[in-house]
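Engineer: Here are the chains, one letter per residue:
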Amino acid sequence: MDPITLASVVLASLLLFLLASGVWVAISLLIVGMVLMGLFTTAPMGSLIASTMWDASWGWALTSLPLFIWMGEILFRSNLSSDMFQGLAPWVSRLPGRLLHVNVLGCGLMAAVAGSSAVTCATVGRMSVPELTRRNYPLNLTIGTLAGSGTLGLLIPPSIIMIVYGVTAEQSIGRLFIAGVLPGLVLIGLYMGYTAIWSLLNPDKMPPAEPKVGFVEKIISSRRLIPVALLIAAVIGSIYGGIATPTEAATIGVIGALILSALSGGLSWAVFMQGLMSAVRVSCMISFIIACAACLTIAVAFVDIPRTLATWVDSLGLSSYALLAVLALFMLILGCFLEGISIIVLTSSVMLPMVQTAGIDLVWFGIFIVIMIEAAQITPPVGFNLFVLQSITGKDILTITMAAAPYFLLLIALIVLITVFPQIVLILPEMMRN
Amino acid sequence: MLRVVLERIYLYSGYVAAMFLVGIAVSIVAQIAGRMQGVTVDATEVAGLCLAASTFFGLAHTFRSGSHVRIRLLLDRLPWSSRRPIEILNCILAAGAVCYLAWNMILFAFQSFEFNDVSPGLLAIPFWIPQAGVAAGITLLAVAVIDELVWIAWGGRPRTDDADEIDLENPPA
Numbered sequence: 001m002d003p004i005t006l007a008s009v010v011l012a013s014l015l016l017f018l019l020a021s022g023v024w025v026a027i028s029l030l031i032v033g034m035v036l037m038g039l040f041t042t043a044p045m046g047s048l049i050a051s052t053m054w055d056a057s058w059g060w061a062l063t064s065l066p067l068f069i070w071m072g073e074i075l076f077r078s079n080l081s082s083d084m085f086q087g088l089a090p091w092v093s094r095l096p097g098r099l100l101h102v103n104v105l106g107c108g109l110m111a112a113v114a115g116s117s118a119v120t121c122a123t124v125g126r127m128s129v130p131e132l133t134r135r136n137y138p139l140n141l142t143i144g145t146l147a148g149s150g151t152l153g154l155l156i157p158p159s160i161i162m163i164v165y166g167v168t169a170e171q172s173i174g175r176l177f178i179a180g181v182l183p184g185l186v187l188i189g190l191y192m193g194y195t196a197i198w199s200l201l202n203p204d205k206m207p208p209a210e211p212k213v214g215f216v217e218k219i220i221s222s223r224r225l226i227p228v229a230l231l232i233a234a235v236i237g238s239i240y241g242g243i244a245t246p247t248e249a250a251t252i253g254v255i256g257a258l259i260l261s262a263l264s265g266g267l268s269w270a271v272f273m274q275g276l277m278s279a280v281r282v283s284c285m286i287s288f289i290i291a292c293a294a295c296l297t298i299a300v301a302f303v304d305i306p307r308t309l310a311t312w313v314d315s316l317g318l319s320s321y322a323l324l325a326v327l328a329l330f331m332l333i334l335g336c337f338l339e340g341i342s343i344i345v346l347t348s349s350v351m352l353p354m355v356q357t358a359g360i361d362l363v364w365f366g367i368f369i370v371i372m373i374e375a376a377q378i379t380p381p382v383g384f385n386l387f388v389l390q391s392i393t394g395k396d397i398l399t400i401t402m403a404a405a406p407y408f409l410l411l412i413a414l415i416v417l418i419t420v421f422p423q424i425v426l427i428l429p430e431m432m433r434n
Numbered sequence: 001m002l003r004v005v006l007e008r009i010y011l012y013s014g015y016v017a018a019m020f021l022v023g024i025a026v027s028i029v030a031q032i033a034g035r036m037q038g039v040t041v042d043a044t045e046v047a048g049l050c051l052a053a054s055t056f057f058g059l060a061h062t063f064r065s066g067s068h069v070r071i072r073l074l075l076d077r078l079p080w081s082s083r084r085p086i087e088i089l090n091c092i093l094a095a096g097a098v099c100y101l102a103w104n105m106i107l108f109a110f111q112s113f114e115f116n117d118v119s120p121g122l123l124a125i126p127f128w129i130p131q132a133g134v135a136a137g138i139t140l141l142a143v144a145v146i147d148e149l150v151w152i153a154w155g156g157r158p159r160t161d162d163a164d165e166i167d168l169e170n171p172p173a
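Residue numbers (our numbering), protein chains in the order written: chain P, 1 to 434; chain H, 1 to 173.
Treat each hint with caution, since some may be false.
What the hints assert, rightly or not - Where chain H lies over chain P, by a calculated footprint (3+ residues, C-beta under 8 Å): (1) 16-27; (2) 34-48; (3) 66-80.
Rather than coming from a laboratory, the hints here were simulated on the basis of the structure. Backbone N, C-alpha and C define an ideal beta-carbon position, used for all residues, glycine too.
My request is simple: use the sequences and hints to build the entire structure.
Structural biologist: The structure is reproduced here in structure tokens:
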């Protein structure tokens, strides 16, 4: 066996072993990196690891990460959740599927101010699950719409996952953010369409219609959504318009979120500290994974695994569709056991040269990975949105998984759509550049 | 006594991390304000260094709160008698890797000090200062991992279990 093959086998089996036995993800990446470097290269390991980790931890691009996390944590603890329900409910009460659309649209709105799917799902679900259950909406759709649309948090900017991808794949975070907007809207359309069709086919399972609400009353009841709308416009608009870098937009977002939360009366010193400390822990966990993944990346690059793999895949002469199908399958399997950040850093360190050799645009591929990770959020046994819904509804994981299944298939439909029509992803970033 | 001191150290290093996180936002506010006044304030370096400080000072606190992700799919299904040796092995592996990393980060900071490395931007901050912070943070993490190892080896249950559960007050990313 030649050394590169042997190194790849060691990489895969050691990583699998460490992760499965419950070693912390970041530390597993670090150990595998050190073992590869120690066994298969003559590089000065200690100093190389120290300098790599240092270089990976103070980059400008990464500074937006803790700020967007903090912004989400502040809004999660504000009264936004109830404002969202009251503000959206009157607008959708005449659509087939009625208040179920509050879940989809609420998650869409929340996704545009928070960067994570669990925060999005929990913020909307906390208010809407009790309300919808009280009105006798079918539980499987209440859970399904939430599980599915909660994942919008990853696709609609700001997005923590996209920052991690942008940093590890060296792509512009601003362009990735903007590339996610249109697929996000398409996904909202798919979710709402499915929900509407299901309720037309099953009218007996739907609760009776709500009383009709006049236009003026609708406007009045949604006035509390205006601050959120302004916040979204400020954050996404300033990135798209090229006025602000993602980090500056994130800072504006944090300040806006603090003002919004203070105005609605939900901000105390204790709440402020809870949000801040939670943001510290989440961003520390993610940045440390990125720093350790950088060590693994440098190790596999020294052993020459990614380039060899790229050459090998290239020699197979697969079409880029076939390659993407294989990658998608691989990521789905990974997604059953790993959370999103780990999937991104693992695929980035080994697979990007291969994807690049196949002539696939790396911004497009970023969105592709993000959608695959959205699917991973709702596949058992490890799917964070399933866990969040489990704790909100108190139902068992099987019920929740079954309810989420149609929305999982819609995510796969979106993958097919953006593969056949890559313009859905690329048109906005192209316009932004000109 | 030692227990109390260690818990304090983890918590306070978490607060230091929080200060640096706020520091990122403050330095960027300064940059935006400066631009409006027509003064060039480059926050790139300061924000980046605050980020590194926040990450590494937060390590021990994050570890102690059980927020560093790991896969407990198998562990949770094992009876404690067979889970315990695995937990001990995990802590030994982690402690070894983190101690090695801490030692090399300390050497790295010393080298920057000797060679007078400075940051590439306008401020030209001597690199050894933030690197010493990074080394300190990793050393604290090593202490926390060894603390956990001793705890489990002496018969304690892993103290990071509950925090892993999806807590609505502290949702994961």
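Engineer: For a quick check of understanding: which of the numbered hints are violated here, in increasing order?
Structural biologist: Nothing - there is no hint that the structure violates, so all of them hold.
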